[in-house]
Amino acid sequence: MAKKPIGPVRRDFAPWDDPQARPYIEFRNVTKKFGDFTAVDDLSLKIYEREFFALLGGSGCGKTTMMRMLAGFETPNAGEIFLDGQNLAGVPPYKRPVNMMFQSYALFPHMSVEANIAFGLKQEGMPKDEIAERVAEMLKLVKLQDFAKRKPHQLSGGQRQRVALARSLAKKPKVLLLDEPLGALDRKLREETQFELTDLQYELGMTFLIVTHDQEEAMTMADRIAVMDRGRIIQIASPAEIYEVPNSRFVADFIGDINLMECKVTARNGDTCRLQSVEFGCEIDTAQAVDAAVGDTVWFAIRPEKVRISFDEPESRVNAVTGEVWDIAYLGDVSIYHTHIANEQTVRATVANRSRVVERPVGWDDKVWLSWDRDAGVILTR
Amino acid sequence: MRQGPSWFNITSLVLGFSFLYLPIVLLVIYSFNASRLVTVWGGFSTQWYVSLFNNQQLLDAAWVTVRVAFASASIATVLGTLAALVLVRSGRFAGRSLFSGMVYAPLVMPEVILGLSLLLLFVAIDQARGFWTIIIAHTTFAMCYVAVVVQSRLAGFDTSLEEAAQDLGCPPVRTFFSITLPIILPGVVAGWMLAFTLSLDDLVIASFTTGPEATTLPMKIYSQVRLGVTPEINAVCTILVGVVTVVVIFTSLITKRREMQRQQDMRRAEAQG
Chain A
0 MAKKPIGPVR RDFAPWDDPQ ARPYIEFRNV TKKFGDFTAV DDLSLKIYER
50 EFFALLGGSG CGKTTMMRML AGFETPNAGE IFLDGQNLAG VPPYKRPVNM
100 MFQSYALFPH MSVEANIAFG LKQEGMPKDE IAERVAEMLK LVKLQDFAKR
150 KPHQLSGGQR QRVALARSLA KKPKVLLLDE PLGALDRKLR EETQFELTDL
200 QYELGMTFLI VTHDQEEAMT MADRIAVMDR GRIIQIASPA EIYEVPNSRF
250 VADFIGDINL MECKVTARNG DTCRLQSVEF GCEIDTAQAV DAAVGDTVWF
300 AIRPEKVRIS FDEPESRVNA VTGEVWDIAY LGDVSIYHTH IANEQTVRAT
350 VANRSRVVER PVGWDDKVWL SWDRDAGVIL TR
Chain B
0 MRQGPSWFNI TSLVLGFSFL YLPIVLLVIY SFNASRLVTV WGGFSTQWYV
50 SLFNNQQLLD AAWVTVRVAF ASASIATVLG TLAALVLVRS GRFAGRSLFS
100 GMVYAPLVMP EVILGLSLLL LFVAIDQARG FWTIIIAHTT FAMCYVAVVV
150 QSRLAGFDTS LEEAAQDLGC PPVRTFFSIT LPIILPGVVA GWMLAFTLSL
200 DDLVIASFTT GPEATTLPMK IYSQVRLGVT PEINAVCTIL VGVVTVVVIF
250 TSLITKRREM QRQQDMRRAE AQG
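If you read the protein sequences in the order shown, they are chains A and B. Okay, so the first sequence: first residue is 0 according to numbering that gives the first Met the number 0, each after it adds one. Okay, so the second sequence: first residue is 0 according to numbering that gives the first Met the number 0, each after it adds one.
Isolated chain A (complex conformation) (with noise of 0.2 Å):
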């Protein structure tokens, strides 16, 4: 059977999907330990050159010991961290070609923008004339010729960030590590500066490792993502497989908004199978092998997005259940309708506000029917 694609693709990058690529930062059963608390946990992991690729997960999951670990902040317990084919065991930091751009920026008070971004050339004893052709090239990469002479807290945050940065692409690195790097700034800063990001990342052809507990900023950005949860990585993907097609409900919990409901296997058959929901009674047919046998309980697991909402009942009584309208939340763009079913479980369906006008609406306490395609869901076994 052919795989069907899902999400947007990026045709010709997939180097995770070649064998016979060889990856450029390897994590090998890595672990690190900060007295009892285990922050990673005998972890393996390989990224590849030109990737743009994210560490997700909440606080404390491990993924900001990962990437000290790789600028050599932190020496890992066991196990042992490859760059482009070198140990970095041993390797001091202020020796390895990475570079790193602060949570905190850490732009150094005492020098101006221009000093900043000079500071790591100076450090190569790089000659003058370059080092300031160099600067004047990052200065106008981030769009701040105007401010080399200004001193950071004479900038605003955005354009900290934009030295930060700039301080950090400057010598050139095969690596780029963003720790939170989009955090301190409003939204609206924050999503032009996710575009910037990976349009000069595919432009330098660097390697971008960024860590975020933000899922819309890993989403918008890399190339693939590592949903990391208590020092283990739970799911590597990209960004549209692991929302659409998750490997576990932590990860289907985690990114975005879902409807998990418990089910027990009641058929299968091939490449499909039928299920039955504990809660609702409701049978429940897909379009998707399970790993499990009949009788066993697994979770399905739909987006509220695909989740139909009307009056009619259905012409089928699967995939579809019943219930009453309890809450309803509107967004503007989106209206998300809390469905009450049986036993006060809730069901939840996002409805995109296409009009501005409504025949009928529907509204609070309606009585309502909730349907969805086959194929809408997935099956999670764990």
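Because the hints were derived from the structure by calculation, they are not lab data. Fair warning: this is a prediction, and the values are worked out from it, not measured in the lab. Just so you know, not all the hints are guaranteed correct.
[As the list claims (entries may be wrong)] Below, simulated PhoX-like cross-link-like pairs (lysine-lysine); rule was C-alpha separation at most 25 Å, straight line:
no.	chain 1	residue 1	chain 2	residue 2
1	A	Lys-150	B	Lys-255
2	A	Lys-305	A	Lys-366
3	A	Lys-148	B	Lys-255
4	A	Lys-127	A	Lys-142
5	A	Lys-142	A	Lys-171
6	A	Lys-139	A	Lys-187
[To be verified] Beyond 10 Å from chain B on every Cβ pair, some chain A residues (computed):
no.	residue
7	Arg-49
8	Asn-86
9	Ala-300
Ideal placement from N, C-alpha and C gives every residue a C-beta, glycine not left out.
Dock chain B against the given chain A, drawing on the hints supplied.
Chain B in isolation, oriented as in the chain A frame:
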């Protein structure tokens, strides 16, 4: 509704400030006394300032004091800064509380005990007492003041700045001199000035640790006062008070102006977006 200060507040303010400054004001006034008798006002005169600059002994003592203060403040600043760095940065190591307690101990230890123990030490190692032993003694107790001041500055230091420097290829020692030191410099300078003034006015420890050829100004003043206060001493003290006042006012004005400039810059930067 605005209320002026109450009578109670004004009275306590006047009483408090008189208590603090009346003796100093009297001293300044009597330094311009024409009479040789300290307690009798005999008209205005600057003769004691003139005779002061002809008093070679007092001038020598002042010169010794300044050199001792400069040297001990400088050594204490280096040692105190190192101690502060260790205390703030090294995290938890075995004996950390003991170490920090020991750094702070001289702050609360009676000067007499410190002076006596240093004297015993110098005698025990058969060290001739004089100029250098005073410097060592002053360094010992000034160091902990420096450590306290620098430590407070280091506590607010963002360690990611040092990491950023290393990340950009700067080895640790160079990072200290090009990033850490410039940023904590205000604390280091404040520590130096504190150490300098402490050394300048110390009498007890200096008396214990000095030898025949090194007499500091406080020791000189004290020994002369025992023979009777001369208006010359008043003049010396007035000059000292004047110098200290000018330095304090000058530095606080500079800090205040820089802080205001900084805040203005930040507001302007944010306003521009």
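Now the hints, each set against the structure:
Restraint check for Lys-150/A and Lys-255/B: satisfied, since their Cα atoms lie roughly 19 Å apart, inside the 25 Å limit. Pair hint Lys-305/A plus Lys-366/A holds up; C-alpha atoms about 19 Å apart against a cutoff of 25 Å. Under the criterion of a C-alpha separation no larger than 25 Å, the hint pairing Lys-148/A with Lys-255/B is consistent with the structure, at around 23 Å. Using a Cα cut-off of 25 Å, the hinted pair Lys-127/A and Lys-142/A holds, with the two alpha carbons roughly 22 Å apart.
A hinted pair counts as satisfied when its Cα atoms are at most 25 Å apart, and Lys-142/A with Lys-171/A qualifies at roughly 18 Å. Pair hint Lys-139/A plus Lys-187/A holds up; C-alpha atoms about 22 Å apart against a cutoff of 25 Å. Look at Arg-49/A: its CB is around 21 Å from the nearest CB on chain B, clear of 10 Å, so calling it non-interface holds up. Consistency note on Asn-86/A: stated as away from chain B, and its beta-carbon is indeed over 10 Å from all of that chain's, at 19 Å minimum.
Consistency note on Ala-300/A: stated as away from chain B, and its beta-carbon is indeed over 10 Å from all of that chain's, at 39 Å minimum.
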